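Enquirer: For reference, the chains in residue letters:
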Amino acid sequence: MESVNLTADAGHKGPSYFLVFIILGVLTLVEVAVAFIAALPDTLLILILLGLAVWKALLVALYYMHLRFEPAKLWWMVMAPLPLGLILVGIVLIEGW
Amino acid sequence: MSVDAQAQEAHAGAGAGHHEEIPWLRRYVFSSDHKVIGIQFLFMSLFFLVVGGLLAMAMRWQIAWPSSQEMPLPGGGMLPDVMVTDGIMLPEFYNALVTMHGTIMVFFAIMPLLVAVWANYLIPLQIGAEDMAFPRLNMASFWLAAPAGILMLASFWVVGGAANAGWTAYAPLSVSEVYSGVKLGQQLWCLSLIILGFSSLMGAVNYITTVINMRAPGLTWFRLPLSVWGLTVTSVLVLLAVPVLAGGLIMMFFDITIGTSFFQPEGGGQPLLWQHLFWFFGHPEVYILILPAMGFVSDVIANGARKPVFGYHAMVWAIVAIGFIGWVVWGHHMFMSGMTPVLGGFFMVSTLIIAVPSAIKTFNWLGTLWGGNIRFHTPMLWALGFVSLFVIGGLSGIFLAAAPVDIPLHDTYFVVAHIHYVLVGGSLFGIFSAITFWFPKMFGRMMNEGLGKLHFALTFIFFNATFFPMHMLGSGGMMRRLYDPTQYPHLQPQQDTNVFITVCALLLFASQLILVVNFFWSLFRGKRAPENPWQANSLEWSAPSPPPHGNWGGRLPAVHRGPYEYSHPERESDYWLQTDPTGAAPAPAPTTSGG
Amino acid sequence: MSNTTAAALERPTTGPGSGFGVYNMKLGMWVFLLSEVMFFTALIGAYIILRFTNPGHFAEPGVVLNVPLTAANTFILICSSVTMVKAFAEIEAGNQRGLRMYLAATALLGILFLGVQAYEYSKLVHEGFVPAAEFYAALGRDGAGAVEGGPLYGATFYTMTGFHGAHVTIGVLCLLFTTVMAFRGRYTAANHGGVEIMGLYWHFVDLVWIILFTIVYLI
Chain A
6 MESVNLTADA GHKGPSYFLV FIILGVLTLV EVAVAFIAAL PDTLLILILL
56 GLAVWKALLV ALYYMHLRFE PAKLWWMVMA PLPLGLILVG IVLIEGW
Chain B
113 MSVDAQAQEA HAGAGAGHHE EIPWLRRYVF SSDHKVIGIQ FLFMSLFFLV
163 VGGLLAMAMR WQIAWPSSQE MPLPGGGMLP DVMVTDGIML PEFYNALVTM
213 HGTIMVFFAI MPLLVAVWAN YLIPLQIGAE DMAFPRLNMA SFWLAAPAGI
263 LMLASFWVVG GAANAGWTAY APLSVSEVYS GVKLGQQLWC LSLIILGFSS
313 LMGAVNYITT VINMRAPGLT WFRLPLSVWG LTVTSVLVLL AVPVLAGGLI
363 MMFFDITIGT SFFQPEGGGQ PLLWQHLFWF FGHPEVYILI LPAMGFVSDV
413 IANGARKPVF GYHAMVWAIV AIGFIGWVVW GHHMFMSGMT PVLGGFFMVS
463 TLIIAVPSAI KTFNWLGTLW GGNIRFHTPM LWALGFVSLF VIGGLSGIFL
513 AAAPVDIPLH DTYFVVAHIH YVLVGGSLFG IFSAITFWFP KMFGRMMNEG
563 LGKLHFALTF IFFNATFFPM HMLGSGGMMR RLYDPTQYPH LQPQQDTNVF
613 ITVCALLLFA SQLILVVNFF WSLFRGKRAP ENPWQANSLE WSAPSPPPHG
663 NWGGRLPAVH RGPYEYSHPE RESDYWLQTD PTGAAPAPAP TTSGG
Chain C
21 MSNTTAAALE RPTTGPGSGF GVYNMKLGMW VFLLSEVMFF TALIGAYIIL
71 RFTNPGHFAE PGVVLNVPLT AANTFILICS SVTMVKAFAE IEAGNQRGLR
121 MYLAATALLG ILFLGVQAYE YSKLVHEGFV PAAEFYAALG RDGAGAVEGG
171 PLYGATFYTM TGFHGAHVTI GVLCLLFTTV MAFRGRYTAA NHGGVEIMGL
221 YWHFVDLVWI ILFTIVYLI
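Residue numbers (the working numbering), protein chains in the order written: chain A, 6 to 102; chain B, 113 to 707; chain C, 21 to 239.
FYI, nobody ran anything at the bench for these hints, they're computed from the structure. Values in this document were obtained by computation on a predicted structure and should not be read as measured data. Hints are all accurate, no fakes.
Derived CB-CB ranges, DEER-like: (1) C:Ala210 x A:Ala85: 26 to 34 Å; (2) B:Gly293 x C:Phe197: 40 to 48 Å; (3) C:Asp162 x A:Val39: 21 to 29 Å; (4) C:Ala210 x B:Ser449: 53 to 61 Å; (5) B:Gly589 x A:Gly56: 52 to 60 Å; (6) A:Pro88 x B:Ile134: 44 to 52 Å; (7) B:Phe142 x C:Asp162: 55 to 63 Å; (8) A:Ala85 x B:Ile262: 32 to 40 Å; (9) A:Ile42 x B:Gly293: 50 to 58 Å; (10) A:Ile99 x B:Phe636: 57 to 65 Å; (11) B:Val141 x A:Leu24: 47 to 55 Å.
Derived coverage of chain A by chain C (criterion: at least 3 residues anywhere in the stretch with Cβ under 8 Å from a Cβ of chain C; other residues may be distant): (12) 26-33; (13) 66-72; (14) 82-91.
Glycine included, C-beta positions come from ideal geometry on N, C-alpha and C.
Next up, chain A with everything else stripped away, as it sits in the complex (with noise of 0.2 Å):
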C-alpha cells in the first residue's frame, strides 16, 4: 500500500505545524482565562468558548489531520455528519424546553 502524496511541498507544512501548536495552546490559555476572569453574560461566555473550541477544532483537522490538502470529496465526505449532529441535538432541545 504505497501513499499518495498529496501534499508534495512538505515546506510550507513543516513550520506551521508548529505554528498551529503554539495557537492551540495559547487559545487554551484563552480559554481558561474568559472561563474564569471575565465577568461576562453567560450566553455570550458560551458563545464565546465554543468559538474558541471550534476554532481549536478546526485547527486539528485542517492542519493536523491535514483536511486542508485533501481532495474536496473527501472535505465533502468528513462535513456530512456535522448538520445531523445539530438536528438531532437542536430538535430534541426544543422539545425539551
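Take the given structure of chain A and dock chains B and C to it, following the hints.
Expert: What follows is chains B and C alone, placed relative to chain A:
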C-alpha cells in the same frame, strides 16, 4: 478506461495457481473471502429468521387461545416453569417473546440478510473488484456478529429471563428492575446490540470504502447496478445511525448496571431522551431495512421484464433522497410523547415528503414492467410481490404519518400490520427475490423453479391472510403487545379474527419449509448453473458460477456500459453484458427512459 | 507492463471519475471517524440536553472539577498531537530516527494523559463525585457545605470523559504497536500509510478532547 488486455492475459497465468493451498479452516470458517463471509452471514441470519419465526408462532398461539388449558402451547411442556407453567404461558415470558421477536428479526435476521449478506457477496462482484478493501476487517465483522447473536439467545436462560421491555426498550421500563423484573436479560440485550453495532460498523466502513475506491475500470457511479446504490446508501445510514444507538445503549447499560440516571426520572433523567436517541437511529434503520431490497428488486424486475430500468437516474436520486430525508422524520414515532405540536407538524410533513421518492421508485418499477416481455421466473415473482405489498405498507405508512390519525392508531395492531407489510412483504420478499436470483451464482446450482413458485404462492397468500386482518384489529382498538385480548370486552368480537390470523400465521411459517427443502436440495442436487442463467447484464454474471477466490482469475473486468441494457434495438440478443466489448462505441450511460 | 497491472490489481483506484484519490486505508479511517463523530454526538448531545433540562444538576465550573489540572492535561494532549504530526513529517522526509523518537514521545504523552486522568478520577471519587445516582455526594473542591450539583453531573461527566479515555487507551496501544513497527523499519518515505492513519485517529481523539474540555469543564 480500458485495461490493457495483453497485460491482463500475462497476469492471469501467474495469478491462477496460488489460490489452491488455503487450508480448510481459513477457507470456510475464518475466511476473509467476501463470498464466504456473505454465505456465512446468510446461514446465520436464516437461522435467526427461523428462531424469530418460532417466537412469533408462540406469541400467536397465546393470542388465539389465551392461557387456555384445552389448547396448551405445543412444546410448552419442554420449557422451564419460569416461562410456561402447566401449559400456560406466563405474561412475563410473553413480553420477552414480543421483545426478542422484534429484536432478533430486525437486528439478527432482516438487517444481516439485507446488508451483511448481500453487501459482502454482491458489492465486489458487481463493481468488479477481487475482494473488499479490508478483507480481514470483514472477517472480524462476522465473528463479532455471531457471538452477539449467541449472547442475545442466551439471555432467555438467565435469571429473570430475556429482556421484556419491547424491542424499542423504552425507559424507564427497561432500565428499572422494579418495573420489568428483568436485569441481566436487559444488560445482555444492550451488550449484544453494542457488539452487533461494532460488527455493522466494520461492515459499513468496508462497503463504503470498497464502492468508492475499488470499482472496475470504466464503472462510473452511474453505471452501478441499483443493488450497489441501495447497499451503499444503506451503509452510509448504518455508519452514521448505529453509533447513536450505541451511545444510547451504553447509557442504558450504565443506568441498569452502575445506577446512573440518564433515563430514570427519579435521578433527574429524561425517559424521552432514550426515545429520541433510539428513534434517531431507528428511523434511518427503517430505510436500512428497505433500500437494499429496493435495489435487488430493481435489478430483478429489469431482468424479468427484459427492459432497461425506467428512469435509472431518478431511481438513484430517489435512493439518495430517502437516505437524506430519513434523518429528519424520527419524531413520527413519538407523536404520543407529548411533543410540541409545532415539532409534530414538522415531523408529519417531513414524513409525508419521504413518500415522494418512494412513489417515484414504485412508478418506475411499473414503468419498467410496462410493455415488457416479462419472464415470470421465481425471483421475478418475489419482486412483483415486493412491489405490490410495499405499496400497501407504504399507504398505511401515510396514514400513520399523519399525526391526527396516528394518535388513535398508535400502539395498535394497525402499526403491527404496517410494519409487517413493509418488513416482511417488503424487505423479506426482496430478500427471497435476491436469494432465488443469486443462488446459482453463490452455489453454482439452480434452485428448483416449481418448488420456488409454490413457495412464493403459499407465502403470498398466507402473508396477506395473516397481516391484512391486523389492520381491522388495530382500527378496532386491539393494542399491540397484548398478552390476552379476551380480557377486554371491546376486543371480544374480534377474537375469531385472532384465531384466523394465528392459523394463517402457522401456515405461513409451515410454507417456509418449502424454501428450506428447496434450498438444501438444490445446494446438493440442483442442476448445474451456467455462468449467466438469467441472461442478466451486471458484472457478477461474467464471473464463473460460483466465482473462484479472487473472483476474476487475476484480470479485472473492463466495463463498457450500464447494467440495464436489455432488448437493445440494434442487437440480436436481448441482453448486453457490461463487460461485452462488442458494438462498443463508448456506450451511453443507462437510458433515463424505458422507451 | 505486467508490473503496473499487478499494482493496479492490488489497489485499483483508477477509472474515470472513480475513487476519491485517497488510498483505501486512509479513506477507511476517515469513514470510521465519521461514525465516531456520531458516537460522540450521542454522548455530548445527551449531556447538552440533560444539562438544559436539569440545570440544577450541574455545578459552576471549577467548583467540583479541577480545571487547572485538566488544562495542563489538555496541554499534554495538544503536545502529543504535535509530536504525532512531526512523526508523520519525519517519515515523509524519510527520517527513521525522527519517526521513532516522535512516535515514542507521542505514546508517552498519551500514557501521561491517562495517568493524570486516573489521578483526577480517584480524587473526584474521594470527594463524592460518582456516576451512581444513589451515592452522589459531591461536596466540591473546598470540601465544605452542601452537595454541589446532582447525579446527572457525575453520570454525564464519567460517560463522556471515560469513553474519551477509552479511545486514548486504544490509541496508546496502537501507538505502541506503530512504534514497534517503526523500530523494525516497517515505514519508508514512500510507504507510511500506517503512520498517517495512526495520526488521523490520534488527532481525532485530541479534537474530541478539545470540545469536551470546553463544554464539560469550562461552561
